[in-house]
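Q: Spelled out, the chains give:
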Amino acid sequence: AQKVTQAQTEISVVEKEDVTLDCVYETRDTTYYLFWYKQPPSGELVFLIRRNSFDEQNEISGRYSWNFQKSTSSFNFTITASQVVDSAVYFCALSEARYGGSQGNLIFGKGTKLSVKP
Amino acid sequence: EAQVTQNPRYLITVTGKKLTVTCSQNMNHEYMSWYRQDPGLGLRQIYYSMNVEVTDKGDVPEGYKVSRKEKRNFPLILESPSPNQTSLYFCASSPQQGVNSPLHFGNGTRLTVT
Numbered sequence: 030a031q032k033v034t035q036a037q038t039e040i041s042v043v044e045k046e047d048v049t050l051d052c053v054y055e056t057r058d059t060t061y062y063l064f065w066y067k068q069p070p071s072g073e074l075v076f077l078i079r080r081n082s083f084d085e086q087n088e089i090s091g092r093y094s095w096n097f098q099k100s101t102s103s104f105n106f107t108i109t110a111s112q113v114v115d116s117a118v119y120f121c122a123l124s125e126a127r128y129g130g131s132q133g134n135l136i137f138g139k140g141t142k143l144s145v146k147p
Numbered sequence: 407e408a409q410v411t412q413n414p415r416y417l418i419t420v421t422g423k424k425l426t427v428t429c430s431q432n433m434n435h436e437y438m439s440w441y442r443q444d445p446g447l448g449l450r451q452i453y454y455s456m457n458v459e460v461t462d463k464g465d466v467p468e469g470y471k472v473s474r475k476e477k478r479n480f481p482l483i484l485e486s487p488s489p490n491q492t493s494l495y496f497c498a499s500s501p502q503q504g505v506n507s508p509l510h511f512g513n514g515t516r517l518t519v520t
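The listed protein sequences correspond, in order, to chains A and B.
Number 56 in the numbering used here belongs to position 27 of the first sequence; there are no gaps in the numbering.
Number 416 in the numbering used here belongs to position 10 of the second sequence; there are no gaps in the numbering.
Source of the hints: derived by calculation from the structure; they are not laboratory data.
Be careful, since some hints might not be right.
[Claimed, not checked] Derived DEER-like restraints, expressed as beta-carbon distance ranges:
no.	chain 1	residue 1	chain 2	residue 2	range
1	B	D444	A	Y93	22 to 28 Å
2	A	A30	B	S473	27 to 33 Å
3	A	E88	B	E407	22 to 28 Å
4	B	G446	A	A110	26 to 32 Å
5	B	N513	A	E39	44 to 50 Å
6	A	E88	B	G422	44 to 50 Å
[Claimed, not checked] So these bits of chain A aren't anywhere near chain B, every CB distance computed over 12 Å:
no.	residue
7	E73
8	W95
9	S103
Keep in mind it's a predicted model, so treat the numbers as computed, not measured.
All C-beta atoms in this analysis are idealised placements derived from N, C-alpha and C, irrespective of residue type, glycine included.
Using the sequences and the accompanying hints, generate a full structural model.
A: What follows is the structure, encoded as structure tokens:
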């Protein structure tokens, strides 16, 4: 069965520190999609990134980077030089291709609450 | 502006009083779904719809109903709400074939059942 595990419930760092949020997934499908969403204190869910299972290239977007490793079924998210505005709950999620290529049934991890202190 | 609109944002009600949370999207998306978010449990899918008149149960459908009579609307109905349905609810949509498109979420509805 599909499952997403975010072992870190809460992380607290001081501004400018680097921080990595872990995500481990389980799936039997060979084609699947992985996502990260951010939920700031205001409550909305903000899409950050989507990766498909055939693309293991790491991705960097500004201070954000993602490390996808199929060998360890992990899709970790690193924030470099963290800022107070990065404080949020971050969710990792998994979707399988059998749902017609759309996001189908998105399976979410339980989230990691990141607090960045000034 | 492309968006998913949920109403109301906040709702306090009493046990057993039927309520509906509306969800509307203006992006012509085929796929829509409802999630609930609870502390320590993350987001769990309640129901989803692949297209008009096509709905199916997610992981936690008990106590909820949905309908998809029009493409843009996907209301969530609680016929007889109970306190364990106190939660933060999110509606979401995406194109059916949109593997390059993210799931668009509404801003959430915080429901309290007393």
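Q: If a hint holds in the structure, say so; if it doesn't, say that too.
A: Hints versus structure:
1. B:D444 <-> A:Y93: 22 to 28 Å: The hint (22 to 28 Å, Cβ to Cβ) holds, given that B:D444 and A:Y93 are roughly 27 Å apart.
2. A:A30 <-> B:S473: 27 to 33 Å: About 29 Å separates the Cβ atoms of A:A30 and B:S473, which means 27 to 33 Å holds.
3. A:E88 <-> B:E407: 22 to 28 Å: Hint holds: Cβ distance 27 Å, inside 22 to 28 Å.
4. B:G446 <-> A:A110: 26 to 32 Å: holds, 30 Å
5. B:N513 <-> A:E39: 44 to 50 Å: Violated, since B:N513 and A:E39 (Cβ atoms, about 24 Å apart) do not stay within the stated range.
6. A:E88 <-> B:G422: 44 to 50 Å: holds, 49 Å
7. E73: violated, 5 Å
8. W95: holds, 14 Å
9. S103: holds, 18 Å
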